[in-house]
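Number of protein chains: 2
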Amino acid sequence: MSERLVVIGGDAAGMAAASQARRLNPGLDIVALERGTRTSYSACGIPYLVAGDVASPDELVARTPDEFRREHRIDVRMEHEATAIDLDARTVAVRAIPHDRTFRLGFDQLMIGTGAHPIRPDLPGIDQPWVRGVQTLDDGCGLLAEARRSNCKDVVVVGAGYIGLEMAEAFHRWGARVTLIEGNERPMARTLDPDMADRLTGLVRGLGIEARFGEQVEGFEPGRVLTPSGPVRADLVVLGLGVEPSSSLAEEAGLLLGRRGSIRVDRRQATSAEGVWAAGDCAETYHLVSQRRIHIALGTVANKTARVAGVNIGGGYATFPGVVGTAVTKVCSTEVGRTGLSSAEAARAGFVTAEVVIETTTRAGYFPGAEPMAVKAIAEKGTGRLLGMQIVGGAGAAKRVDTAAVAITAGMTVQDVVELDLAYAPPFSSVWDPVQVAARAAVREV
Amino acid sequence: MSERLVVIGGDAAGMAAASQARRLNPGLDIVALERGTRTSYSACGIPYLVAGDVASPDELVARTPDEFRREHRIDVRMEHEATAIDLDARTVAVRAIPHDRTFRLGFDQLMIGTGAHPIRPDLPGIDQPWVRGVQTLDDGCGLLAEARRSNCKDVVVVGAGYIGLEMAEAFHRWGARVTLIEGNERPMARTLDPDMADRLTGLVRGLGIEARFGEQVEGFEPGRVLTPSGPVRADLVVLGLGVEPSSSLAEEAGLLLGRRGSIRVDRRQATSAEGVWAAGDCAETYHLVSQRRIHIALGTVANKTARVAGVNIGGGYATFPGVVGTAVTKVCSTEVGRTGLSSAEAARAGFVTAEVVIETTTRAGYFPGAEPMAVKAIAEKGTGRLLGMQIVGGAGAAKRVDTAAVAITAGMTVQDVVELDLAYAPPFSSVWDPVQVAARAAVREV
Numbered sequence: 259m260s261e262r263l264v265v266i267g268g269d270a271a272g273m274a275a276a277s278q279a280r281r282l283n284p285g286l287d288i289v290a291l292e293r294g295t296r297t298s299y300s301a302c303g304i305p306y307l308v309a310g311d312v313a314s315p316d317e318l319v320a321r322t323p324d325e326f327r328r329e330h331r332i333d334v335r336m337e338h339e340a341t342a343i344d345l346d347a348r349t350v351a352v353r354a355i356p357h358d359r360t361f362r363l364g365f366d367q368l369m370i371g372t373g374a375h376p377i378r379p380d381l382p383g384i385d386q387p388w389v390r391g392v393q394t395l396d397d398g399c400g401l402l403a404e405a406r407r408s409n410c411k412d413v414v415v416v417g418a419g420y421i422g423l424e425m426a427e428a429f430h431r432w433g434a435r436v437t438l439i440e441g442n443e444r445p446m447a448r449t450l451d452p453d454m455a456d457r458l459t460g461l462v463r464g465l466g467i468e469a470r471f472g473e474q475v476e477g478f479e480p481g482r483v484l485t486p487s488g489p490v491r492a493d494l495v496v497l498g499l500g501v502e503p504s505s506s507l508a509e510e511a512g513l514l515l516g517r518r519g520s521i522r523v524d525r526r527q528a529t530s531a532e533g534v535w536a537a538g539d540c541a542e543t544y545h546l547v548s549q550r551r552i553h554i555a556l557g558t559v560a561n562k563t564a565r566v567a568g569v570n571i572g573g574g575y576a577t578f579p580g581v582v583g584t585a586v587t588k589v590c591s592t593e594v595g596r597t598g599l600s601s602a603e604a605a606r607a608g609f610v611t612a613e614v615v616i617e618t619t620t621r622a623g624y625f626p627g628a629e630p631m632a633v634k635a636i637a638e639k640g641t642g643r644l645l646g647m648q649i650v651g652g653a654g655a656a657k658r659v660d661t662a663a664v665a666i667t668a669g670m671t672v673q674d675v676v677e678l679d680l681a682y683a684p685p686f687s688s689v690w691d692p693v694q695v696a697a698r699a700a701v702r703e704v
Numbered sequence: 259m260s261e262r263l264v265v266i267g268g269d270a271a272g273m274a275a276a277s278q279a280r281r282l283n284p285g286l287d288i289v290a291l292e293r294g295t296r297t298s299y300s301a302c303g304i305p306y307l308v309a310g311d312v313a314s315p316d317e318l319v320a321r322t323p324d325e326f327r328r329e330h331r332i333d334v335r336m337e338h339e340a341t342a343i344d345l346d347a348r349t350v351a352v353r354a355i356p357h358d359r360t361f362r363l364g365f366d367q368l369m370i371g372t373g374a375h376p377i378r379p380d381l382p383g384i385d386q387p388w389v390r391g392v393q394t395l396d397d398g399c400g401l402l403a404e405a406r407r408s409n410c411k412d413v414v415v416v417g418a419g420y421i422g423l424e425m426a427e428a429f430h431r432w433g434a435r436v437t438l439i440e441g442n443e444r445p446m447a448r449t450l451d452p453d454m455a456d457r458l459t460g461l462v463r464g465l466g467i468e469a470r471f472g473e474q475v476e477g478f479e480p481g482r483v484l485t486p487s488g489p490v491r492a493d494l495v496v497l498g499l500g501v502e503p504s505s506s507l508a509e510e511a512g513l514l515l516g517r518r519g520s521i522r523v524d525r526r527q528a529t530s531a532e533g534v535w536a537a538g539d540c541a542e543t544y545h546l547v548s549q550r551r552i553h554i555a556l557g558t559v560a561n562k563t564a565r566v567a568g569v570n571i572g573g574g575y576a577t578f579p580g581v582v583g584t585a586v587t588k589v590c591s592t593e594v595g596r597t598g599l600s601s602a603e604a605a606r607a608g609f610v611t612a613e614v615v616i617e618t619t620t621r622a623g624y625f626p627g628a629e630p631m632a633v634k635a636i637a638e639k640g641t642g643r644l645l646g647m648q649i650v651g652g653a654g655a656a657k658r659v660d661t662a663a664v665a666i667t668a669g670m671t672v673q674d675v676v677e678l679d680l681a682y683a684p685p686f687s688s689v690w691d692p693v694q695v696a697a698r699a700a701v702r703e704v
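Residue numbers (my numbering), protein chains in the order written: chain C, 259 to 704; chain D, 259 to 704.
These aren't lab readings, by the way, just hints derived from the structure by calculation. Hints may be right or wrong, so weigh each one.
[Claimed, not checked] For each label pair, taking beta carbons as the anchor points, the in silico distance ranges come out as:
#, chain 1, residue 1, chain 2, residue 2, range
1, D, Val615, C, Thr360, 44 to 52 Å
2, C, Gln386, D, Ser591, 45 to 53 Å
3, D, Ala313, C, Glu629, 16 to 24 Å
4, C, Asn442, D, Asp316, 23 to 31 Å
5, D, Ser591, C, Pro356, 43 to 51 Å
6, D, Glu261, C, Arg463, 54 to 62 Å
7, C, Gly477, D, Gly669, 55 to 63 Å
[Unchecked claim] A few chain C residues facing chain D, derived, Cβ under 7 Å:
#, residue
8, Gly303
9, Tyr624
10, Gly627
11, Ala628
12, Ala632
13, Lys657
14, Asp660
15, Leu680
16, Ala681
17, Pro685
Just so it is clear, the structure is predicted and the values come from calculations on it, not from any experiment. Using N, Cα and C, we set each Cβ at its ideal position, and we do this for glycine too.
Next up, chain C with everything else stripped away, as it sits in the complex (with noise of 0.2 Å):
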């Protein structure tokens, strides 16, 4: 008989696992279990479904069920959930939701992606059916349907996170009276600095949204969310309060937990038992700056570790280095950028630091269509290493942080950014690349 994998989750660190391991192991059995009906679709791109930018469901999925079959010999059991995993005996317990039937199924190696699911905090009227979280396709599709449903005239979005401030636009895109609702002063508080952050708050309030920040919510009642100062009417309720990892399965396994109840794994994403991996939302990492741990539930993590997953499983051998805390977003026409570590995280991983904010163009200043852009430099005092930069600006702005993730990554220092060799024309910049800019003003004092 065959070696068996086993892989719990079809969405994207399981698929890109069961692929990896089969383009490796053209003989490896693999089983991949899936409770939802989609299989490898873009989390991401639910927003833009919502707001109508995404005509249908189907073009949000990388890969079907049957493509999978197909061209990759996975066998793939869509509304198949895992209910137990069996350590000793090798054995995952399976559920078939359409006909409630429950069997179990032996494997030699496991991978788990479980992805992560919508924090609800403990409130009163939290599990309401109208107020929901964004995380799976069926969930962007259900929050749809419910909204087309119930002809919703009032969505509330408590969060004003990324995901928070894409459902908002979504929402108000799509025709609703949208509120916003974040306890934090100011939008994108644990991705922005305070002196970044606040320029977006005017962005928000000109969405034509209702934006109420430093405001808690209560709770929930039928048609109306809790706060504070008063009612506020809600036909619908987003949550945009982040997500944790959904590890219980591998937790009552047994399996070690880390940050945040992520699976701890190794850097080969193994995790604490043999021939048992985990990648993915539901997965620990590592970043590169702070030397620590940390739970990051992002697309593109999702798919390197799970390609990592899959070469190990597959018999190659691979290793995930870490992150080092990249992500963008676009609030209306303004673009969002970070990479490195913020202020208060570096000051948390124990760094002295300078920081810059300069205010430049998105392309040479007397070329049409340059938008203004601010970048944030954070360097470490004393050595100058760059440390973490923040871009708010126009088109073309936020992107510019993959020139400081690499800088990053290659521990340079603001004066090595400042001697890098970026591309210039004016259509596309100053002749000192933004991000230079940046550079050259924390020079002067690191």
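Following the hints, put chain D in place on chain C, whose structure we already have.
The following block gives chain D in isolation, referenced to the frame of chain C:
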């Protein structure tokens, strides 16, 4: 008497060095000689001035002579041409053009920022006044004035490198019938490998201009350009055959020259004579990947090398490590970027390479406005070290060469690039950034 710095050339390099020296040494006596009528402008903006994107040449001027006089206490002398350098006497012979007066100016330190000038091949009629190159802003203004004066209908652009393409598009948009004549079989043959350059051929033809590739110019006669396949009507001819360093003054003074006649400098931008510095388009530089001296005339390099010269002139210490060959341009709405070594350059530098070209999109494939883009990665066989990257694609494509430029500077392998934490959200990128998609393909080939 205070120490005197004489600067020859009032464009980017000369004035950036002068300003930097002033910052470090407030007591320095600085005299800057500029034979033209403008200081410190963006020569790269000239095509956009012709096309009408930029309304006035003044917009391209970063700082006027008066600003340099007032804010930096630099004695800027416009329409003053340096005609000779006497290294023994430490004087510069100067001609005040308007008065045709000549005099000698003593210096303690000398900064040479004489720039470059368009290549004029030795062809019959090349010195006709309507055969023009584009290097200085005065050239650009003269060209536009000539076009307006003659109400020119037919413009011939010779050379389909980036300046030729930008000028051809600019004159087409200005309203002229444009013929582009290029000796090579494809556009941008010195910038891109043939497989990537071929992607531009159809685009160039689609600009609305007549493009003749593989055609030699044999001479210029009033109203026409001569070619083996017959004359081409031309009220105005624009030369886009590249530039050569303006180093005759330095050569006559006995300074050591290097590649293509550029002024040899060390890493501090010091020439072969004590206290004499050079930077910008007239100076030689160093390629970090080929590890060879090269001549490269780009605004980015001019600004960086001038800053280094200025620090050293001002009594500080700075070095310029070199370039990796990054450049970017636009042909209509298609962006072109490159960094590192091309295939031919890598071969000349002795590398054995693995090369891949991948096709992808500028945004997530399902996202509105996603446009095709192609990425070529060139890596060293065996080590997997990234040597070069070329990009041709829609909006947002080309500036991604910066990611590769930093990775190349840091000596990263294509595997390292696969592991980078680059920014992703559907409006910006696919989940694996196009640069990483190319790197993944290259990993399999090295």
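Each hint, compared with the structure:
Look at D/Val615 against C/Thr360: about 50 Å separates their beta carbons, and that is inside 44 to 52 Å. In this structure, C/Gln386 and D/Ser591 meet the distance hint of 45 to 53 Å, their C-beta atoms being roughly 49 Å apart. Range check, D/Ala313 to C/Glu629: Cβ separation about 18 Å, and the 16 to 24 Å hint holds. Distance hint for C/Asn442 and D/Asp316: a CB-CB separation of about 46 Å, inconsistent with the stated range 23 to 31 Å.
Between D/Ser591 and C/Pro356 the Cβ separation comes to about 49 Å, which falls inside the hinted range of 43 to 51 Å. A hinted range of 54 to 62 Å holds for the C-beta pair D/Glu261 and C/Arg463, which are about 56 Å apart. Separation of C/Gly477 from D/Gly669 is about 56 Å and conforms to the stated range, judged on CB atoms against 55 to 63 Å. Evaluation of the C/Gly303 hint against chain D yields a held restraint, the C-beta minimum of about 5 Å falling below 7 Å.
Residue-level restraint check for C/Tyr624 holds (minimum Cβ-Cβ distance to chain D is 4 Å; threshold 7 Å). With 7 Å as the threshold, the beta carbon of C/Gly627 stays out of range of chain D, its nearest partner Cβ sitting at about 9 Å, so the hint is violated. Interface restraint check: C/Ala628 against chain D, minimum CB-CB distance 11 Å, threshold 7 Å, status violated. Because the smallest distance between the Cβ of C/Ala632 and any Cβ of chain D comes to about 17 Å, over 7 Å, the interface hint for this residue is violated.
Annotation: C/Lys657 was flagged as interfacial toward chain D, and the flag holds, the nearest CB pair being 5 Å apart, inside 7 Å. With a cut of 7 Å, the hint placing C/Asp660 at the interface with chain D holds, because the nearest CB-to-CB distance is about 5 Å. This hint holds: C/Leu680 has a C-beta 5 Å from the nearest C-beta of chain D, less than the 7 Å allowed. Among the interface hints, the one on C/Ala681 holds; its C-beta lies about 4 Å from the nearest C-beta in chain D, closer than the 7 Å criterion.
Satisfaction of the interface hint for C/Pro685 is found here, the shortest Cβ-Cβ separation to chain D being roughly 5 Å, below the 7 Å cut-off.
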